[in-house]
Amino acid sequence: MKSISTIGSHSSLQILHGAKMEGFNTIVITDRKREGFYKQFNFIDTVLSFDKIDEAVDLINRNEESVLVPHGSLVEYLGQERVNKITTKIFGNRNIFEWEGNQHKKMFLLKTSDIKIPETFERPEDVDRLVIVKLPGAKGGRGYFLARDKVEARKGIDELINKKEINSEEDVIIQEYVVGVPMYFQFFYSPLLDRTEIFGIDIRYETNVDGLRRLPSSYGSLEPTFVVVGNIPAVARESLLPTALEYANNFVKNVRERVSPGMIGPFCLESVVTDKGEIVVFEFSGRIVAGTNLYTNGSPYSWLYWNEPMSMGRRIARELKNAVINNKLNMVLT
Amino acid sequence: MKSISTIGSHSSLQILHGAKMEGFNTIVITDRKREGFYKQFNFIDTVLSFDKIDEAVDLINRNEESVLVPHGSLVEYLGQERVNKITTKIFGNRNIFEWEGNQHKKMFLLKTSDIKIPETFERPEDVDRLVIVKLPGAKGGRGYFLARDKVEARKGIDELINKKEINSEEDVIIQEYVVGVPMYFQFFYSPLLDRTEIFGIDIRYETNVDGLRRLPSSYGSLEPTFVVVGNIPAVARESLLPTALEYANNFVKNVRERVSPGMIGPFCLESVVTDKGEIVVFEFSGRIVAGTNLYTNGSPYSWLYWNEPMSMGRRIARELKNAVINNKLNMVLT
Amino acid sequence: MKSISTIGSHSSLQILHGAKMEGFNTIVITDRKREGFYKQFNFIDTVLSFDKIDEAVDLINRNEESVLVPHGSLVEYLGQERVNKITTKIFGNRNIFEWEGNQHKKMFLLKTSDIKIPETFERPEDVDRLVIVKLPGAKGGRGYFLARDKVEARKGIDELINKKEINSEEDVIIQEYVVGVPMYFQFFYSPLLDRTEIFGIDIRYETNVDGLRRLPSSYGSLEPTFVVVGNIPAVARESLLPTALEYANNFVKNVRERVSPGMIGPFCLESVVTDKGEIVVFEFSGRIVAGTNLYTNGSPYSWLYWNEPMSMGRRIARELKNAVINNKLNMVLT
Chain X
1 MKSISTIGSH SSLQILHGAK MEGFNTIVIT DRKREGFYKQ FNFIDTVLSF DKIDEAVDLI
61 NRNEESVLVP HGSLVEYLGQ ERVNKITTKI FGNRNIFEWE GNQHKKMFLL KTSDIKIPET
121 FERPEDVDRL VIVKLPGAKG GRGYFLARDK VEARKGIDEL INKKEINSEE DVIIQEYVVG
181 VPMYFQFFYS PLLDRTEIFG IDIRYETNVD GLRRLPSSYG SLEPTFVVVG NIPAVARESL
241 LPTALEYANN FVKNVRERVS PGMIGPFCLE SVVTDKGEIV VFEFSGRIVA GTNLYTNGSP
301 YSWLYWNEPM SMGRRIAREL KNAVINNKLN MVLT
Chain H
1 MKSISTIGSH SSLQILHGAK MEGFNTIVIT DRKREGFYKQ FNFIDTVLSF DKIDEAVDLI
61 NRNEESVLVP HGSLVEYLGQ ERVNKITTKI FGNRNIFEWE GNQHKKMFLL KTSDIKIPET
121 FERPEDVDRL VIVKLPGAKG GRGYFLARDK VEARKGIDEL INKKEINSEE DVIIQEYVVG
181 VPMYFQFFYS PLLDRTEIFG IDIRYETNVD GLRRLPSSYG SLEPTFVVVG NIPAVARESL
241 LPTALEYANN FVKNVRERVS PGMIGPFCLE SVVTDKGEIV VFEFSGRIVA GTNLYTNGSP
301 YSWLYWNEPM SMGRRIAREL KNAVINNKLN MVLT
Chain P
1 MKSISTIGSH SSLQILHGAK MEGFNTIVIT DRKREGFYKQ FNFIDTVLSF DKIDEAVDLI
61 NRNEESVLVP HGSLVEYLGQ ERVNKITTKI FGNRNIFEWE GNQHKKMFLL KTSDIKIPET
121 FERPEDVDRL VIVKLPGAKG GRGYFLARDK VEARKGIDEL INKKEINSEE DVIIQEYVVG
181 VPMYFQFFYS PLLDRTEIFG IDIRYETNVD GLRRLPSSYG SLEPTFVVVG NIPAVARESL
241 LPTALEYANN FVKNVRERVS PGMIGPFCLE SVVTDKGEIV VFEFSGRIVA GTNLYTNGSP
301 YSWLYWNEPM SMGRRIAREL KNAVINNKLN MVLT
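Here the protein sequences come in this chain order: X, H and P. Under full-length UniProt numbering, the very last position in the first sequence is 334; numbers go up by exactly one each time. Under full-length UniProt numbering, the very last position in the second sequence is 334; numbers go up by exactly one each time. Under full-length UniProt numbering, the very last position in the third sequence is 334; numbers go up by exactly one each time.
Hints may be right or wrong, so weigh each one.
Each pair may be met inside one copy or between any two copies, as identical chains are not told apart.
What the hints assert, rightly or not - BS3-like, lysine-lysine: derived pairs with alpha carbons at most 30 angstroms apart:
#1 Lys52 <-> Lys33
#2 Lys39 <-> Lys321
#3 Lys328 <-> Lys39
#4 Lys276 <-> Lys164
#5 Lys116 <-> Lys33
#6 Lys111 <-> Lys2
#7 Lys163 <-> Lys150
#8 Lys276 <-> Lys89
#9 Lys116 <-> Lys276
#10 Lys150 <-> Lys52
#11 Lys150 <-> Lys39
#12 Lys89 <-> Lys150
#13 Lys52 <-> Lys276
#14 Lys33 <-> Lys111
#15 Lys150 <-> Lys253
#16 Lys85 <-> Lys105
#17 Lys150 <-> Lys328
#18 Lys105 <-> Lys164
#19 Lys276 <-> Lys163
#20 Lys253 <-> Lys39
#21 Lys39 <-> Lys111
#22 Lys2 <-> Lys116
#23 Lys321 <-> Lys163
#24 Lys2 <-> Lys85
#25 Lys116 <-> Lys89
#26 Lys39 <-> Lys276
#27 Lys253 <-> Lys33
Quick caveat, the hints were computed from the structure, so don't treat them as lab data. What you are looking at is a predicted structure, and each value in this text was computed from that prediction instead of being measured.
Take these sequences, add in the hints, and give me the full structure.
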């Protein structure tokens, strides 16, 4: 195992930068349109470009000696079917993608981890408070909508079906809308050290909702949209961290039981913190999240563990390097 | 003096991490529930746990050779009475806690420092504009409320008395509500160097007010709450810094005269910046603030002074180390 | 060429800190009121103070062996006329100041760079949607106003003329108000490497608009103001970066043709990102922006290029150092 590859998008810059810092060869597989962009970075050894998305899997599989690091764009970009054809080894648990892509399985995994989650409503007819209706997968918030009651919930879902955004109401998840502030807790579980590290925290920067504050209310009432276009760094009150870490450890334990071979590497508990100081987790990501792009040189928390610059990308490569050295690659690949 | 101790909360991670970087032994005194959390960090040498809060002071005092670093949770968590029983030496001026805990003394100290502060109203009956009514101590904003006139001010205060949040109207402070943006200026005063350093700036991240923007106005009008659950980094226009530093130096000079033996180490001027470019200080903290947790590896300003990673926690330990070397511990302990 | 000088304001701390790190002598030219402030930083070798603004140019020109680094406060503070009298060499293209100061020429330069910009309306009478009316120069947003239609646009412009903020309607620019989130993309173009580097991203922190969220709507409807008093860090979705860099490269190419001798060093594309994922550039800065003050120790992006702490100030000094070594100073000075 001599090189690390990833798809050119999402968090590929820090993944490959970190890989290079740990001594690996680096490969980016990218849409040809972005070839020039990735070629300018000297920590990327090889840029493999495709014209059609179908060629991407071939380009990935061509690198037998390399390990693919998956990220949020992988499934979203290639689609689950193409991902299933990847024969290259993956850093992380490839079986968790399916759980992440299905809102119902996702919430089940959180719930059975003894993590506080929002109330979920099976059917629009059960709605008895303000809810948010979510689409499957990591679409960056596109299509999500709020509904005040069962009528609005039903109407919104029917519209999604009409627009062919979803096939049926089973595809969405209807969640209590928890009032509070978003806080996304990033973690890294190291199978080699059997340790869950708090990596960092981010807040999503969403268009147009984060811009609307600039418009006086007298200038019309635009409907907010929630498309994630960036991230802003944050730290949490220290007294929140023990709970966050407890949730993370519970999650790791539960994934070990339900999604063989268990959690490997980065994950994220997307949360709302209420004014009662409760952390309510409304989603998880079973792989690196883009919010870690903030911390190319380490985060307020990673410095506590490492005392050297440690991005999430580098942390992945460090785990791989240690696995190679200790002949335990099987513990981190699937 | 060989070790540094602190209560496990608020900013204890950076305090002990910094202490370790400067070569001290490190001790955390913590609620047993958080024992597991603090044990995972290898820069913490000793974890002392208590089951009842009354045991905390004993655990602190047991470490005769150590210096206790106080933070915002110390008084709030132990209570002033228990704090008075601490016989261990404290880094900083322990006499300032009482000034910080009393809103009237607090504003008096700012005012006599030639710092621009909001108009204060002695009694609710004097209110003639939008005001904010604040409770004593560092409760993270709980119980604070806005009032548009004397009637609302009176009503809100009476409610606090009824709910036994306060004993009488003397416990609160009624301040003009200054319209502008919050900016918290963190400083470190070094008695050894007789120098005030601008350490960093943060913005508080408050639930639920910072989340409400996500809710379209048509979804009901929730009352905002202002519970601090985290912090976001920021820098100020450079042209604001000379004024901020002048205020800080004025404050240091004034504390030297009024609160013996004067300012030692970290403090913060909690401010609002108006659209006239004025810095209006509405509060101070006479010890490390949680906003410095953002800067485990140094802040945009600390790099200018140090050219090495310098958290506020490490800055404290550096001052202690220099005091030990120069046989001037008495200048930084009380 | 042995020293680097700049006016004491805006981003002078990082400029001189970076200069010192690259081995240059450093000179700050400052209003005497700020003399004490700048004297406390040990990376500033010489503090030259003036009592009247007219003396500033003399102080600049006195340093024949030094290079002046211009920033946003230079033109705004000295005025174009005084700037024209500067005989000291400038790092960067001094001819671009005039383009930056004229809203019409500014937008022309962006438009001819194949960059997506907001619709512009020649005269208030042409307005057919929500617009923002902007004043010339880098006034930090003062005087800007929104108008819903041609009547409001005309009225606001007439008021500015009455208040003598502008001479005629030709001084302002009337732009479509693009709904989305602000994102300011900072770049560095290196003539020596012929390379455009993505340096970082910031969001402006504006008073009072960023504070109004703290006021419940029932407490009256204050008109928002947009005075920039600081900056907040951010990263963008990685998939936005190729477009941002393409825009930057287009801009560099266009400036080379239209504003001899072309782009040199730092610039910024002030943008709004819409919920369609489009980057719309509504302004540019042809020199260092204050948002780079966030990144004294490097930004999430600069670490990818440099693997060492690289502020924008240090990047400038690095380019100067390399120019000296390679005897190519003429490529970076005007």
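Here is what the structure says about each hint:
no.: 1; hint: Lys52 <-> Lys33; in the structure: within (11 angstroms within a copy, 54 angstroms between copies)
no.: 2; hint: Lys39 <-> Lys321; in the structure: both (25 angstroms within a copy, 26 angstroms between copies)
no.: 3; hint: Lys328 <-> Lys39; in the structure: between (33 angstroms within a copy, 26 angstroms between copies)
no.: 4; hint: Lys276 <-> Lys164; in the structure: between (39 angstroms within a copy, 19 angstroms between copies)
no.: 5; hint: Lys116 <-> Lys33; in the structure: between (43 angstroms within a copy, 18 angstroms between copies)
no.: 6; hint: Lys111 <-> Lys2; in the structure: neither (39 angstroms within a copy, 46 angstroms between copies)
no.: 7; hint: Lys163 <-> Lys150; in the structure: within (20 angstroms within a copy, 37 angstroms between copies)
no.: 8; hint: Lys276 <-> Lys89; in the structure: neither (44 angstroms within a copy, 35 angstroms between copies)
no.: 9; hint: Lys116 <-> Lys276; in the structure: within (13 angstroms within a copy, 33 angstroms between copies)
no.: 10; hint: Lys150 <-> Lys52; in the structure: neither (43 angstroms within a copy, 48 angstroms between copies)
no.: 11; hint: Lys150 <-> Lys39; in the structure: neither (51 angstroms within a copy, 48 angstroms between copies)
no.: 12; hint: Lys89 <-> Lys150; in the structure: neither (45 angstroms within a copy, 61 angstroms between copies)
no.: 13; hint: Lys52 <-> Lys276; in the structure: between (50 angstroms within a copy, 23 angstroms between copies)
no.: 14; hint: Lys33 <-> Lys111; in the structure: between (42 angstroms within a copy, 22 angstroms between copies)
no.: 15; hint: Lys150 <-> Lys253; in the structure: neither (36 angstroms within a copy, 56 angstroms between copies)
no.: 16; hint: Lys85 <-> Lys105; in the structure: within (22 angstroms within a copy, 53 angstroms between copies)
no.: 17; hint: Lys150 <-> Lys328; in the structure: neither (52 angstroms within a copy, 70 angstroms between copies)
no.: 18; hint: Lys105 <-> Lys164; in the structure: within (22 angstroms within a copy, 46 angstroms between copies)
no.: 19; hint: Lys276 <-> Lys163; in the structure: between (39 angstroms within a copy, 17 angstroms between copies)
no.: 20; hint: Lys253 <-> Lys39; in the structure: between (41 angstroms within a copy, 19 angstroms between copies)
no.: 21; hint: Lys39 <-> Lys111; in the structure: between (44 angstroms within a copy, 27 angstroms between copies)
no.: 22; hint: Lys2 <-> Lys116; in the structure: neither (41 angstroms within a copy, 42 angstroms between copies)
no.: 23; hint: Lys321 <-> Lys163; in the structure: neither (47 angstroms within a copy, 59 angstroms between copies)
no.: 24; hint: Lys2 <-> Lys85; in the structure: within (22 angstroms within a copy, 59 angstroms between copies)
no.: 25; hint: Lys116 <-> Lys89; in the structure: neither (34 angstroms within a copy, 41 angstroms between copies)
no.: 26; hint: Lys39 <-> Lys276; in the structure: between (49 angstroms within a copy, 26 angstroms between copies)
no.: 27; hint: Lys253 <-> Lys33; in the structure: between (42 angstroms within a copy, 19 angstroms between copies)
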